[in-house]
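Engineer: Here's the letter readout for the chains.
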Amino acid sequence: MKAFEWSSATTVDEAVKLLAEVSADDFTEIARPFSGGQDLLTTMKERILTPKRVVNLKTIAGMDGIDNDAKTGLKIGALAKLVEIENHPQITKNYPGLAEAAESIATVQLRNQGTIGGSLCQRPRCWYFRHPEIICLKKGGDTCYSEKGQNKYNAILGGGPSFIVHPSDLATMLVALEASVTIAGPKGSRVVPLEKFFTLPKDSDVTKENVLDDAEIVTQVQVPASPLAARSTYVKFKERSSLDFAMGAAAAAVELAPDGTVRQARLVLGAVAPIPWRVPRAEAVLVGKPLSDATINAAADIALEGASPLEKNAYKIPLSKALLRRALNKLKNA
Amino acid sequence: MAERNESNSEILSWGPNDKHRLLNTRLPRVDFPYKTTGTAIYTYDVSLPGMLQGRILCSPHAKATIKSLDLSPALRIPGVKAAVKRLDVGGMLRFEGDPIAAVAATTAEIAEDAVLAIQVTYNELPFVVTADDAIKPGAPAVYPDDPAVINNTRVNDERGDSGKVADALKSADAVVEAEYRSPTLHHTCLETHAVVVDYRGGDSATVYVSTQGTFSIPGDAARTLDLDESNVTGIVQYMGGGFGSKGGIGVEGQLACRLSKQAGVPVKMALPRRDEFIMAGNGPGSIQKFRAGVSRDGKLLAVQVEEYGLGGIGGARLAGQPYVYRAENIYRKAGSIHTNEDAARPLRAPGHPPACFAMESLMDELAYKIGMDPVEFRIRNLPENDVHIRQLQRGAKEIGWDRRSRTPGGWPGTVKRGFGCACGVWGGGGRAQCVVDVSIGRDGAVIVSCGSQDLGTGTRTYMVAIVAEELGLEMGDVHEKIGDTRLTNANYSGGSTTAASLSPAVKVAAINAKAEIAKALAPVLGANADDIVFADRKISAGGKTLTWSQACAALPSAGISVRGKFKRGLSSNGTHGACFAEVEVDTETGHVQVIRILDVQDCGLPLNRLAVESQINGGMVQGIGMALLEGRVMDARLGVMINSSFMDYKIPGCLEMPREMLPLIDDDDPRQQVVGVGEPPSVPPAAAIANAIYSACGVRVRELPITPDKVLMGLMGAKA
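Heads up: the sequence lines are chains A and B, in that order.
In terms of our numbering, the first sequence has 143 at position 143, counting the first letter as 1, and numbering is strictly consecutive.
In terms of our numbering, the second sequence has 638 at position 638, counting the first letter as 1, and numbering is strictly consecutive.
In case anyone wonders, no lab produced these hints; they're calculated from the structure.
Just so it is clear, the structure is predicted and the values come from calculations on it, not from any experiment.
Note that CB positions come from ideal geometry on N, CA and C, so glycine has one too.
Hints may contain errors.
Calculated Cβ distances over 10 Å to all of chain A for the following chain B residues [said to hold, decoys possible]: (1) 60; (2) 204; (3) 375; (4) 382; (5) 413; (6) 635; (7) 636; (8) 642.
Each computed BS3-like pair below joins lysine-lysine, with the alpha-carbon atoms no more than 25 Å apart [said to hold, decoys possible]: (9) 148(A) x 333(B); (10) 333(B) x 312(A); (11) 202(A) x 52(A); (12) 52(A) x 148(A); (13) 710(B) x 238(A); (14) 289(B) x 312(A); (15) 333(B) x 136(B).
Reference excerpt, derived from the structure (chain B facing chain A, CB under 7 Å, subset only) [to be verified]: (16) 41; (17) 42; (18) 251; (19) 708.
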C-alpha cells in the first residue's frame, strides 16, 4: 500500500472540505472517503487506487444511525454497519428483503466492518480491474479486456464499453425498494433516487460506477415505507457459498391486492449488468394477475429478453431466471 | 553416544496392530496448545533485532528480455538498505512472476515502494500461456532450442501397440472417446513461502525457512552466502503448509541471503499472496484424451490414451493410465505441454489426482454405456485380490450405494442426489536417512530429537508416542525437539515418506534407550537386564519395582544418550484408497453441494489414528476444492494470471463442507509396518465427486472444476 495522509473529519462539511482540497493529476490519486474500509483497502493494497489522502468518516457523530418512521420509512446513515441492518428488528419485519440482502454479503467479520455507504460505492470485482498490472478501460486504459477474454462473471445486460457487473447486493435490493441517497459535496447536498445514482458505462465516465463527483460522499440512504417493502426478498446465488460475490441475484418487491393479484411489483436483477438491472417489462407482466407459476415463469422469461451474453457467461440467463422465479415464489408464500 | 549392535538381536517388529497402548489410538497432537494459542513460531512470525523486510520485483510479462534495469531509484528511498539483481540487461524472463530483482527495507511497505521504484524496461516477446495456444503449429516456442519439444509438447513415454489397440477397439461392444481436462492448481499454503536469513557478517549464519526439508537449508544458503555449509544452521520449527511447493530455500531464499549479505543485518522475505500465486510454483493441469473399449460383460478391452501435464516452463508427469485398472491392450503416450507459466512443482500426490479424475470419469462413462453398476464394473477390471476391491465394497456399504438412482438424473425434484466413486494409489515408503537421539536425564526427563520437520502431519506426536510406549511412559513424560540442523539427520518430506523413514529410527532409538536403562538398573534391581519390565511408568524385575523417577535417579550422572538409525522392515511401501461421494445438484442454479463423502484408506500401522483421520479429511477437503472450485485462470492475450488472490482463486470454506465426512482407516490391511499416508487421501475425492455429479443430473463435465456455469450449460444442452 502506498503511503497516504490520514485525516479524520468530525462533520460532513469538514469531510467534504478535506476531500476537495487535495489536488491530484490523476483520478487514482484523489482523496477517498473511508467508512468500513473493506473495499477501499483492497483497492489500495493492489494500488488500483493510490489516494494521497484518506478521509476517515467514522469520526463524524451520528452518521451511523438507523431511524425508522412507520409512515415515511427508513433513514439509514451511510456509516450504518451491515450487521446492524441485517439484525434491525424493524428492517427484518418491514423491509425483509433489505435484511436478507445485508445478511447475504461476504462474511460476518466483513459485515461487522462494512457499511451501507461503502457497499453502494464499492468498486467492481472484474478480474481485469482487480489485477494490479492491468490498466483496463475502467482504470484509464483503452480496452475492456473482459469483452473478449475471461468473462464468466461479466455483464450480459447493459454492457459496453465496459462489461463489469455491479458488485453491491444492497444496491440491487435498494433499487427494488425505491430508495434514494443523500449526497454531500462542495456544492451542497442533493438527494438522488438510487435508480439514477448508478450509471451505465456508455452513458458516463467509464472509470466510475455512479454519479458521485470527486469530493462527494453519500451521507444517508432513505427507503420509503410501503407495502412493497413489506413483501420483499433478495435471492442471491454464490459460486462459493462461504464467501463470494453474487454470480446471480434477484431482488423482488410486490404489493398484493386483497384478491391476491399483484398491485405493483419492482424486480431488479443483480450481477448481470454494470448497474442494478431493473426489469420493468417483467414487472408489468405481473400487475393485475395473481402470482402463479404461469405469471412467474412469464415474468422470469421476459426479464432476460435482450440479454446478450459474452463467450463464457450465457449460463447467467437460466440462472437469473431461476433466481427471479425463486424470489417471486417466496413472495407468493410470504 | 552408545550405539547398540543390532546384528544379533531379534528381528525388529512393531507387534500386532491391535496390541498397542498408544500407537494406533487417537492421540491429540503434542503441539496443538502452541498452534491454537498462537505461541507456535512459524518462519513468517520470526522477528529479529534490526531485521529488514524483503520484496521481489516480478516480471509483469509472460516473456520478455530486460532492456534496462536500474536499482538506484529504489536505493534512494529512505529506509531501503539493500537491492540485488537476479537477472541483468539481456536476461530472459519466461513467465509472469519470474523474479528480476529484490530489495530490503526497514518496513514491508517501504520495500514495496522500492520494488515499484526500480527502473526497468522490457523487450516483450511472443508468448503462450494456454495449452490450446501452445500446441498450435507455429506457436511461440517455450523451448526453441530443444529438439525433443515439438509444438511445445515433450513426449517422454510412449508404450504399447497402437495397432493392436485399434483392432481391439473395433471388436469392442462399446467405445468411449473423451478428452478430460484439469486446470493448473495452487498449493494455497496458509503460510506463504518465507525465509529469514540471520547473517551479520562473519563466518556463520542461521536461516529460518518454511520448507519441507530442514537439511536442504544449509547447503542452499551456504552457496549463496559463500560460507561453509557446516556453519549454517537451518531452522524449521513450524510449517504453515507445504503440499509439495516448498523445497530448499527457493529463489526467494537466495535473494534474501544476498540482501542480508549486502546489508549486514537479518532479512525476512515472506512472499505476498500474489507473488505466492505467480512465482512460487503450482500443481500442473492436464489434458488427457482417451479412446477406450469394453465388452458387454464389462471387461476393459483396450485403452488408447494421450496424457499431458501442463507444466509451464517445467515438466509435469501424470500417473500412467489406465491408472489402477487392467486393460487387455494399452497404448499410451505421455508428456508435458509447455507454456510461459511458472514451473509446476509437486502438489500433494503429484500427477495422481488429475490422472484419477480422467480415468475414473472414463470408467464411469464406460460402465453407464454398457448399463453396468459402476462399482461392479471397477471390480471386474481391477487385478485379482486387489486391495481396492474390499475398499470399494466397504465404501459402497458405508455410503448406501443402493440408495442411488440407477438412471443418471433420475432422483425426483429439482435438487437431485447422485453417487460416485473412485480409487487411488500411492507409495509412501521409507528411506534410510533418519537418525534419532533419545536422552534420559537423572531427573527423569526424556527427550526424543531429530532435525526433521513437521509439515503439519503430526511428526512430533508420533515421535513422542513411540518412545513413551516403548518405555512404559505416558505422552506427557516425553518431550521432542525437531526442525533444527544441529539435531540429527532426516530426509526431505516428499512422497509421503517422512513417517515411514523416521518412525523406524525412533523405534530403534527407543529400544536402545530401554536396553541402556535396563543395563544400568540391572544391578540396582538385582536382576538380569533382559528380565526388566517397563510398564505403567515403573520399572520392575524380580519382585522389585522402581517408579520412573526413582529409576532415573539411579542412572549414571550424565544420564543416558542413545541413537537409533532407520531399519528396514518397520515400514513398507504402497497405499490404496477408495472414495465415495454423495452430492446434491441444484438443476436450476447448477450448484453442487457434497452431502456425504468417505475415503477408505490403508496405511499399514496407523501411528496415530487421529492424525491419519485428519490427513484423510484434509484430502477430501482438497478434493472438494479441486472438483468444484479451484483453478488458475490465465488471460491468453495478456499472458497473466487474472485470479491471483484468495477472493478469486476460490478454495473451499466452511459452507462447502459436507454434512458428513468419514475418514475410514482400512484396518483390514494386515501389514504391521508404517506406510506414509500424507498424500494418498487427496487422490480420489475429486473424481468421486465428478462421478456423483453425473449420477445426480446426467451431465458429464469433463473439465474441472465443475462450476455452476458448466453444470447449467450442460443441462441446457441436454434439454435442447
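Engineer: All hints are to be evaluated individually against the structure, with a verdict given for each.
Structural biologist: Hints, verified against the model:
Here residue 60(B) does not stay apart from chain A, with its beta-carbon only about 5 Å from theirs, under the 10 Å limit. With a least CB separation of 36 Å from chain A, residue 204(B) remains clear of the 10 Å interface cut-off, as annotated. With a cut of 10 Å on Cβ distances, residue 375(B) stays outside the contact zone with chain A, its closest approach being about 30 Å. The beta carbon of residue 382(B) is kept farther than 10 Å from every beta carbon of chain A, the shortest such distance being approximately 35 Å.
The non-interface label for residue 413(B) is consistent with chain A: the shortest C-beta to C-beta separation is roughly 14 Å, beyond 10 Å. A cut-off of 10 Å between C-beta atoms contradicts the statement that residue 635(B) is not in contact with chain A; the least separation is 5 Å. Not every beta carbon of chain A lies more than 10 Å from that of residue 636(B), the smallest distance being close to 8 Å; the non-interface claim is violated. A cut-off of 10 Å between C-beta atoms contradicts the statement that residue 642(B) is not in contact with chain A; the least separation is 4 Å.
Between the alpha carbons of residue 148(A) and residue 333(B) the distance comes to roughly 34 Å, so the proposed pair goes past 25 Å and is violated. Our distance criterion of 25 Å between C-alpha atoms is broken by residue 333(B) and residue 312(A), whose separation comes to about 32 Å. As the CA atoms of residue 202(A) and residue 52(A) are separated by approximately 29 Å, the hinted pair breaks the 25 Å bound. Distance hint between residue 52(A) and residue 148(A) is unfulfilled; the C-alpha atoms sit about 34 Å from each other, more than 25 Å.
Proposed proximity of residue 710(B) and residue 238(A) is supported: the alpha carbons are some 14 Å apart, at most 25 Å. About 23 Å separates the Cα atoms of residue 289(B) and residue 312(A), which keeps this hinted pair within 25 Å; it holds. At roughly 18 Å between alpha-carbon atoms, residue 333(B) and residue 136(B) fall within 25 Å of each other, so this suggested pair holds. The beta carbon of residue 41(B) comes no nearer than 25 Å to any beta carbon in chain A, farther than 7 Å, and the hint placing it at the interface is violated.
For residue 42(B), the interface hint is violated, the least distance from its beta-carbon to any beta-carbon of chain A being 22 Å, above 7 Å. Violation of the interface hint for residue 251(B) is found here, the shortest Cβ-Cβ separation to chain A being roughly 20 Å, above the 7 Å cut-off. Against a cut-off of 7 Å between C-beta atoms, the interface hint on residue 708(B) holds, since the closest Cβ of chain A lies about 6 Å away.
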